[in-house]
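Using the hints provided, position chains B, C, D, E and F with the ligands relative to the given structure of chain A.
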Amino acid sequence: MIDVVVLFFLFGLAAGLARSDLKLPSALYDSLSLILLLAIGLKGGEGLAKQALAPLLPQLGAVILLGVAQTFIAFAILRGLGRLGRADAASMAAHYGSVSVATFAVGVNWLLVRDIEFEPQMAVFLAIMEVPAILIGIVLARGVSRDTDWRALGHEAFLGKGVTLLLGGMAIGWIAGPDGLAPIKGVFFDLFKGALALFLLEMGLIVSRQVGELKRRGLFIVAFGLGMPLLSALLGLATGLALGLSPGGLTLLATLAASASYIAVPAAMRLAVPEANPALSLAAVLGVTFPFNILAGIPLYHALATQFTGATP
Amino acid sequence: MIDVVVLFFLFGLAAGLARSDLKLPSALYDSLSLILLLAIGLKGGEGLAKQALAPLLPQLGAVILLGVAQTFIAFAILRGLGRLGRADAASMAAHYGSVSVATFAVGVNWLLVRDIEFEPQMAVFLAIMEVPAILIGIVLARGVSRDTDWRALGHEAFLGKGVTLLLGGMAIGWIAGPDGLAPIKGVFFDLFKGALALFLLEMGLIVSRQVGELKRRGLFIVAFGLGMPLLSALLGLATGLALGLSPGGLTLLATLAASASYIAVPAAMRLAVPEANPALSLAAVLGVTFPFNILAGIPLYHALATQFTGATP
Amino acid sequence: MIDVVVLFFLFGLAAGLARSDLKLPSALYDSLSLILLLAIGLKGGEGLAKQALAPLLPQLGAVILLGVAQTFIAFAILRGLGRLGRADAASMAAHYGSVSVATFAVGVNWLLVRDIEFEPQMAVFLAIMEVPAILIGIVLARGVSRDTDWRALGHEAFLGKGVTLLLGGMAIGWIAGPDGLAPIKGVFFDLFKGALALFLLEMGLIVSRQVGELKRRGLFIVAFGLGMPLLSALLGLATGLALGLSPGGLTLLATLAASASYIAVPAAMRLAVPEANPALSLAAVLGVTFPFNILAGIPLYHALATQFTGATP
Amino acid sequence: MTLPTEKRTLLTIVTEAVVEQTLLRDLDRLGVRGYTVSDARGKGSRGVRDAAWEEAANVRVEVICERAQAEDVLRHLQARYYADYAMVAFLAEIEVLRPEKF
Amino acid sequence: MTLPTEKRTLLTIVTEAVVEQTLLRDLDRLGVRGYTVSDARGKGSRGVRDAAWEEAANVRVEVICERAQAEDVLRHLQARYYADYAMVAFLAEIEVLRPEKF
Amino acid sequence: MTLPTEKRTLLTIVTEAVVEQTLLRDLDRLGVRGYTVSDARGKGSRGVRDAAWEEAANVRVEVICERAQAEDVLRHLQARYYADYAMVAFLAEIEVLRPEKF
Ligand SMILES: Nc1ncnc2c1ncn2[C@@H]1O[C@H](COP(=O)(O)O)[C@@H](O)[C@H]1O
Ligand SMILES: Nc1ncnc2c1ncn2[C@@H]1O[C@H](COP(=O)(O)O)[C@@H](O)[C@H]1O
Ligand SMILES: Nc1ncnc2c1ncn2[C@@H]1O[C@H](COP(=O)(O)O)[C@@H](O)[C@H]1O
Ligand code: NA
Ligand code: NA
Ligand code: NA
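Chains as they are written, first to last, in the working numbering: chain A, 1 to 313; chain B, 1 to 313; chain C, 1 to 313; chain D, 1 to 102; chain E, 1 to 102; chain F, 1 to 102.
One chain only, chain A, in its complex shape:
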């Protein structure tokens, strides 16, 4: 049965394709994304408080490598098979090497609705995996040039809104613990799924605007937008198995790997690799990969995860 939050996405998509006047106030969209990021962070921090942190360090190294590997692979495919120019290929590779919070949130919701457990450090992975692909993408586009304003980029990467909220939420959740968080459960946990539903309604509207660009770009974009997340999900599953994650954790790591950024990376690439065409990457990420992941990818990744771990679904 399809989750209700995904129905909101489909509704937004349909409304957008039918050219309805519907749109969310941008302040609502921004508020929802802020609440979702904080909620994910709080939940993760609360969980981390219950375990030792030292064993996490090698795991962080592993997921950083995962993101870096994805970026290089995507770049090679886009240059080789896709015949994209250097800048376009590097920019798009960075999108796919990084992660999408919205996709992750749908994955979390999918597991929550089915009462499937997952490791609290998944929220840390989400924060950590956003950044490395951006740096690799810039180096792929430019080489290690003198021109690049690394300070501005580092700032953009580590102090961007998304990462700040995730890390801040985690810190608060870690310090406060379950009892300390109890008074604010009302806003951050009880409303999570409803907030995600509204958020996905707007995502549907945004995705519907990619259709024109998609038509113009032909098949390669569609093929890449479907093939790359599948490949990445397998890499994610392999990494997760090596780290000994639970089926829920495996599902989320595969989802993270399969997901592609449509907020942090486009903004960073616009500044650092301005000659890359932003419409191209967004058409693939939003027009193909995001819908694929939330409609078909997540259940598929979970099926693979249970099979690989031998767990009964």
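Worth flagging that the hints you see were computed from the coordinates, not collected in a lab. A virtual CB, placed ideally from N, CA and C, is assigned to each residue, including glycine. Incorrect hints may appear among the rest.
[Said to hold, decoys possible] Simulated pairs of lysine-lysine, DSS-like, Cα-Cα distance not exceeding 30 angstroms:
#, chain 1, residue 1, chain 2, residue 2
1, F, LYS101, E, LYS7
2, E, LYS101, F, LYS101
3, D, LYS43, B, LYS161
[To be verified] These stretches of chain B come out as covered by chain A in the derived footprint (C-beta under 8 angstroms, 3 or more residues):
#, region
4, 2–9
5, 169–178
Below, chains B, C, D, E and F with the ligands alone, put in the same frame as chain A:
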């Protein structure tokens, strides 16, 4: 005892009349109206899932006729007794032939607070009754002229924000059913009454701005703004009795009929009948009819509904 | 243990100091402050409904005097020790003679989390204490000059957003009573703490912007920003003891007295005493006094309150 | 060295938010190649429009183009909108680089 | 055929949002018949005003009127606001139809 | 008595919201002493930018300065932004009081 949400309306009205600086951020007002529309749609769709849809078709025909009849009657009164020009009369008639979501929501709240049941298709009626009066109003103003951009109007009418959200919410509620909706109850059902309270606070402020125009226009506007909803409510009750609705359903159909649009119709008339004075219609709709309906009309329509059906209130 | 809402403040502060891109949509901040003000008012009004109002009148007189006294004392200190010009001293004194809703809300939350009771009239005190300091401040800056547009000022003072919402909320709470408010508990009571947490996140960001100004102004601002709330808290405790308040009420009255306005008063002073430098007052109020009160002041005032009343904490 | 700027005309229109889409379609039809829109409020002969709600909101539209085209658009506005809508429009002389763009 | 436009003056004022109401009342008192307002942020001699909160927000006010009236208003702004408020104001020559309106 | 105004140049830039911070830093570096920013949407050679989300939003930046400085800035914009970003910039002649301020 007066409902707390209506107290918020009175508070907004008082603050506005006292020229307080109070105002809601427009993004909050838009967000609240979006949530209310979705909630009404979801609730309706959830209910519809439990019954056969075929018997609804004649009911839809009946409520469309109801809206059309109201528009013609209002036009005749405004031309005959009110001596308004053709454009002004047609535009104002369209406002009264259509419906108001805010009034409907107050009616729903009134019934919910009193644990009175009503049919789920009331949400469908709300969506359906918004449009026909607009088309009739344009024809009354212009005749069936070549000039009218019917495509744009059809778009405005059927893909406007309100109708899209109602229909989308219904579709989601219908597909997901009660179990599927459970995870998002927090946002859409538990917060419904609080959201309505805030929404009515802003409505009070908006209504307070109509007072100047009302004073300028004299008695006829006030008389029409009170008489027309009463007449319409009776038509609505008659229609509802013919359809065999429950007392709750009768109350809501009378409320719908008595209500007058202040969002969709003004926007459509501004484009299609620009020579009509928008201040005139808004003064009647917002300055007289809306307050009357939520303060006195709804309880009255319910009293009539119970009397007509012989139910004990 | 530090309250979770205060952790959100510290997070905002840290993010701001690290120059993160994080910021709340201004519509969200405005919406949260509206909901907090209404919630405080509703809660207060609900409580007042249970008691006679006549005995309140002398209490209101006492807290007005308290605010007036604070303003004069602050002015004397700022002129004498601080060697500020007349306009700057008067404006800053008005900030400290008035109150801060955000500080009050943190105090309320502190007591709620610890299940400590307080009198419902505290919300009335909050509304009442906002205004007198503004009038005194203007007179201190200008004398009772002909030029002052007292009508505009009265409007600003009594019909400003904050006071309107507090009084409106109280009226609604008073009329509706606990049963009438039940349907809107979801929005106004259950979400109070979560809304306060988000609000304080933005407060942290705002406070972080005061650091530059603070550095420029040197020690006196810091000393005054710490000393004045302590002095005011003692005056507040004395007043509260004279009025026979409970330990919870005492804590809140001390908190109110110790708090300094950063919304209503800056706006009023900008219009009435434009030659005063607004950056100076805001640096003291936001950069020193607000953080001090919510981090250390409130627990301290409560400790004093329990000691003075001989209650066991 | 002074820049090789060329003269163009800036047409600014302030009108009711409710006609934004219709107006922009008209601009497209009249061959305008670009425009910039921002939200506004204001006061004029049709009273205060304080943007408190959609009905009372204004938009401010700017079009850079050649003088002749600006006059065409202005003529169209006069015929189609001036009588029935809250609207103000005015022309100013400006300079641009890339004259082929406007 | 060229349009029968007439010259007017556009006065643009950028200042603190907190004085919006006061300023608009002043404009009314000085006989101005219309204005357009939009929200803005900025930087100037009084530092960065990034609109992060009400205190730090700017508004941008435009008035179309005759040159003499624009100068009157400017003179008033200079006397009443320039010393104590973050404010910038400037004049530009523009053309309008319907000269009787401004 | 006519006012002692002085001529200055108003440079208006409409571009992608994503470059706002970078652009403002550039303005600072080029010695500009103030600017005003507001949110906008629009259409141009790079398609419709309807501000539906951050990626598709524009900003409108105004700078009052001397002609020479305005030309410097424009030259910098041409070199650094015109090729890769949705951007439009234009100059207008205006008058100010307090010439020392700009
Ligand atoms: N003299 C004026 N100067 C600047 N803006 C104006 C002026 N008159 C009208 N406006 C703007 O144009 C809108 C419509 O004007 P009107 O059609 O006169 O009501 C107003 O709401 C203002 O935003
Ligand atoms: N040179 C300038 N060009 C454009 N806008 C300016 C300029 N100087 C100041 N402003 C605007 O006017 C406001 C007040 O300026 P000031 O009084 O110089 O602080 C600033 O916040 C800017 O929005
Ligand atoms: N002819 C024009 N008149 C007014 N604004 C324009 C014009 N062309 C472009 N713009 C604005 O500048 C932005 C970037 O333009 P472009 O680089 O042509 O896509 C657009 O999104 C519009 O906001
Ligand atoms: Na990825
Ligand atoms: Na009706
Ligand atoms: Na105080």
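Verification of the supplied hints:
For the suggested pair LYS101/F and LYS7/E, the alpha carbons sit about 28 angstroms apart, so the restraint of at most 30 angstroms is met. As the CA atoms of LYS101/E and LYS101/F are separated by approximately 33 angstroms, the hinted pair breaks the 30 angstroms bound. Between LYS43/D and LYS161/B, the direct Cα distance comes to roughly 28 angstroms. Compliance with the 30 angstroms bound is thereby established for this hinted pair. Proximity of the region 2–9 of chain B to chain A, defined as three or more residues with a beta carbon under 8 angstroms from a beta carbon of that chain, is not established by the 0 residues found.
Under a criterion of three residues with beta carbons nearer than 8 angstroms to beta carbons of chain A, the stated coverage of the region 169–178 of chain B is upheld, 4 such residues being counted.
The structure fails hints 2 and 4 (numbered hints given earlier, in ascending order).
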